[in-house]
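Next come the chains, spelled out residue by residue.
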Amino acid sequence: MSTATRPSALLEVRDISLSFRGLVALEGVSFHVTEGELFSIIGPNGAGKTSIFNCINQVYRPQEGSILWKGDSLMGLKPNQTAERGIARTFQNIALFAHMTVMDNILSGRHIRMNHGWLAGMLWWGRAKQEELENRHKVEEIIHFLEIERWRKHPVGLLPYGIQKRVELGRALAMDPELLLLDEPVAGMNLEETEDMARFILDIQDELGITTILVEHDMSLVMDIADRVMVLDFGRKIAEGLPEEVQTNADVIRAYLGTTGDASMQEFG
Amino acid sequence: MRGRPHLHTSYSADQALMPTTTKKVALAIFLVLAALAPIASSIPIYPDFLGNNDWMKLLSHVAIFGIGALGINLLTGVAGQVSLGHAFFMGLGAYVGVVFGAPAGDLWGWGLPMWIWLPMAGIIPAAIGLLVGPAAVRVRGLYLAFATLGLVFIGEWAWRNLKFITGGSFAGRRFPEFQLRMWKEEEPLVDFASDGVWLGFEISEEAKVYLLMLGLLVVATVLAKNLQRTRAGRAFQAIRDRDIAAEIMGVNEFKYKLMAFGISSAYAGVAGALFASFVGRQIPETWDLFLSVEFIAIILIGGAGTVSGALMGSAFVILLPRLVQDFTEWLSNVIADGEGLLASVADAVISVSPDDFGVVNILPGAGPGLSVFQLNQVLFGLLVILFMIFEPLGLYGIWLRIRNYWKGWPFTY
Ligand SMILES: Nc1ncnc2c1ncn2[C@@H]1O[C@H](COP(=O)(O)OP(=O)(O)O)[C@@H](O)[C@H]1O
Ligand SMILES: [Mg+2]
Chain A
1 MSTATRPSAL
11 LEVRDISLSF
21 RGLVALEGVS
31 FHVTEGELFS
41 IIGPNGAGKT
51 SIFNCINQVY
61 RPQEGSILWK
71 GDSLMGLKPN
81 QTAERGIART
91 FQNIALFAHM
101 TVMDNILSGR
111 HIRMNHGWLA
121 GMLWWGRAKQ
131 EELENRHKVE
141 EIIHFLEIER
151 WRKHPVGLLP
161 YGIQKRVELG
171 RALAMDPELL
181 LLDEPVAGMN
191 LEETEDMARF
201 ILDIQDELGI
211 TTILVEHDMS
221 LVMDIADRVM
231 VLDFGRKIAE
241 GLPEEVQTNA
251 DVIRAYLGTT
261 GDASMQEFG
Chain B
1 MRGRPHLHTS
11 YSADQALMPT
21 TTKKVALAIF
31 LVLAALAPIA
41 SSIPIYPDFL
51 GNNDWMKLLS
61 HVAIFGIGAL
71 GINLLTGVAG
81 QVSLGHAFFM
91 GLGAYVGVVF
101 GAPAGDLWGW
111 GLPMWIWLPM
121 AGIIPAAIGL
131 LVGPAAVRVR
141 GLYLAFATLG
151 LVFIGEWAWR
161 NLKFITGGSF
171 AGRRFPEFQL
181 RMWKEEEPLV
191 DFASDGVWLG
201 FEISEEAKVY
211 LLMLGLLVVA
221 TVLAKNLQRT
231 RAGRAFQAIR
241 DRDIAAEIMG
251 VNEFKYKLMA
261 FGISSAYAGV
271 AGALFASFVG
281 RQIPETWDLF
291 LSVEFIAIIL
301 IGGAGTVSGA
311 LMGSAFVILL
321 PRLVQDFTEW
331 LSNVIADGEG
341 LLASVADAVI
351 SVSPDDFGVV
361 NILPGAGPGL
371 SVFQLNQVLF
381 GLLVILFMIF
391 EPLGLYGIWL
401 RIRNYWKGWP
411 FTY
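Chain order of the listed sequences is A and B. Under this note's numbering, the first residue of the first sequence carries the number 1, and numbering increases by one thereafter. Under this note's numbering, the first residue of the second sequence carries the number 1, and numbering increases by one thereafter.
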């Protein structure tokens, strides 16, 4: 079962290993994500969670293993080609385009959904004008969905942290993705901001039906909203299952209590 | 439309080039004034103001450098790729222009009309840019600056040796005149290269050239502004701000960097050809590293990444030397009058004779101090440094502040 592609698996990661000059970041990690699912990856700092996202986006090239997207390999593609396949992402450390407005950031998420070239753009002509206006409309829906109307024209670099995180989610949503990779969307947020973000993630599931992989540090959030959870430790998968199964897994408890000084992790034990 | 004047009721209104009526009106007034500048000399208060041919030349110079600055701004300001190769592409454009446009003689020249040589001066540098670009855009940051620096040196060497095109060092060659012809016929349809009468007004050659440059600058500006607000322009900015994130959002980094390189080279080529023809004769040494650095300084002073910054920077950098010169002349006149507080202050600043001390001396060889030329260089350097430290947004940033101040007036806090 583990070697055959599941018919419903949107993304299938098989036995990937990744190392940086001898330092092992991932070791034989496998998992799959089915359509419509909210799959979560948790684990202590440095466990390799972000590296998995970078492998899916082909920013990193795992030395071993394969990554299948609807049955076809993603390996060897350029990052922008993974976007064209329908994979969108937010980043652990906000990676917005700081000098652009909220509007333009979200519009740049529409890049792959537009076609006009530089010349048509320069002349504001035909396809360019039409596409820009249509996509502007689409962006407005996202702005409304994320309740960031009042910041529309602000350069994102100047906005509060929590709002920037939201804009980044908006930029990813603008890509009309089939798979959304969220890397610690509530890291560094206060309770209220965390609750807002959780609501948006659930709405994305319910209203937009977008399959999501949620990488999180914040255990309570994951246990509340994830369909299935995978736990990583030192680049290895140590558990996978329903939230309540994982929560009571002895290896998981040990891994979390073994790490030092992180409050959100301690809570879990 | 009634109600809130700033509320846009359609996306096309909101996305328009000039979103607010105030902006439209201000721009229209500015353009009309700019177009009327040639008649300013008939204003009696200050007959030298703007309208005289000296000023017409200066403003043409501003417009030409403005076109060049739009190009480097696109590559360095918008796409974030620091290039020192701008002078190379300007030189290339100038020589493409002269080969296409100058009459045949000892040196190469095909005598084709301006509507051919000017576009070619953009197209061919763009093509060469795309050819050498792949090597350049693979390297990042400072390495790109060094790689493009190499282009300038290769260019200078080539221009000195391709004597049948460039005329070689010292001599240089004459560049085609600004004349509109259908084809190679004797009489130009519109001749910008001699004094004449337009619409019943007597107009000097300099004023005609100025109006032509103003027109070309307006076209170049609209194109640049449109590019920046549409798909490709956003991709450029995305790469500048966060290259890996841009790729993950679907931007093909290599393709868009190359595109920025090509379009920027086209702007450089056109500006180079215009500049060469505007001055009339150019030697290969014109297209040197200093010219590239001057353009980087223009966008730093104006505010990198914005179209208006590129234009303000050009105006500032071209007009500053002239203003300094006029000002020192005026000061020396004050000294000559020899009365009042101002004269004694001016006396300390300016030296007028070999035994007179002053920061600036206006007579060659008179006393210690800087020449007016040196003073300009020092001010130029100081300004670049000051802007980099205190106002990274350049003149554009200062303008934003002033605008925001007045927007809220009288409730400014
Ligand atoms: N580009 C890189 N170069 C070297 N080591 C890296 C790189 N990216 C990640 N690593 C290492 O891989 C391990 C996993 O990192 P990461 O995936 O960021 O963990 P997590 O997101 O779970 O906190 C860490 O030990 C980290 O130092
Ligand atoms: Mg991480």
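Quick caveat, the hints were computed from the structure, so don't treat them as lab data. Worth double-checking, as some hints may not be accurate.
[Claimed, not checked] Pairs of lysine to any residue, SDA-like flavour, derived with a Cα cap of 20 Å: (1) K255(B) / G117(A); (2) K225(B) / G126(A); (3) K153(A) / K57(B); (4) K57(B) / T22(B); (5) K225(B) / M122(A); (6) K78(A) / I244(B); (7) K225(B) / L133(A); (8) K78(A) / K225(B); (9) K153(A) / K78(A).
[Stated by the list, open to error] Calculated from the model, a selection of chain B residues having no Cβ within reach of chain A, i.e. all distances over 10 Å: (10) S12; (11) I165; (12) Q179; (13) V190; (14) A224; (15) A238; (16) V251; (17) V359; (18) F380.
From the three backbone atoms N, C-alpha and C, an ideal C-beta is built for every residue, glycine too.
Quick rundown of the hints versus the structure:
A C-alpha spacing of about 12 Å is found between K255(B) and G117(A), which places the hinted pair at or below 20 Å, so the restraint holds. Annotation: proposed proximity of K225(B) to G126(A) holds, straight-line Cα distance about 17 Å (limit 20 Å). This hinted pair does not check out: K153(A) and K57(B) have alpha carbons roughly 40 Å apart, beyond 20 Å. At most 20 Å may separate the alpha-carbon atoms for a hinted pair to count; K57(B) and T22(B) exceed this at roughly 31 Å.
At most 20 Å may separate the alpha-carbon atoms for a hinted pair to count; K225(B) and M122(A) meet this at roughly 8 Å. Annotation: proposed proximity of K78(A) to I244(B) holds, straight-line Cα distance about 11 Å (limit 20 Å). The straight-line distance between the Cα atoms of K225(B) and L133(A) is roughly 16 Å, inside the 20 Å bound, and the hint therefore holds. Only pairs whose Cα atoms come within 20 Å are accepted, and K78(A) paired with K225(B) is rejected, the gap being roughly 30 Å.
As the CA atoms of K153(A) and K78(A) are separated by approximately 32 Å, the hinted pair breaks the 20 Å bound. Taking the minimum C-beta to C-beta distance to chain A, about 6 Å, the non-interface status of S12(B) is violated against the 10 Å cut. Consistency note on I165(B): stated as away from chain A, and its beta-carbon is indeed over 10 Å from all of that chain's, at 30 Å minimum. No beta-carbon of chain A comes within 10 Å of the beta-carbon of Q179(B); the shortest separation is about 27 Å.
Chain A leaves V190(B) outside its interface by the beta-carbon criterion, the shortest separation being 25 Å against a cut-off of 10 Å. Not every CB of chain A lies more than 10 Å from the CB of A224(B), the least distance being 8 Å, so the non-interface label is violated. The claim that A238(B) is not at the interface with chain A is violated, since a C-beta of that chain comes within 10 Å of its own (minimum 5 Å). The beta carbon of V251(B) is not kept farther than 10 Å from every beta carbon of chain A, the shortest such distance being approximately 6 Å.
Against chain A, the non-interface label of V359(B) holds: every CB pair exceeds 10 Å, the least being about 39 Å. For F380(B), the shortest C-beta to C-beta distance to chain A comes to about 26 Å, beyond the 10 Å cut-off, and the non-interface label holds.
In summary, the numbered hints that this structure violates are 3, 4, 8, 9, 10, 14, 15, 16.
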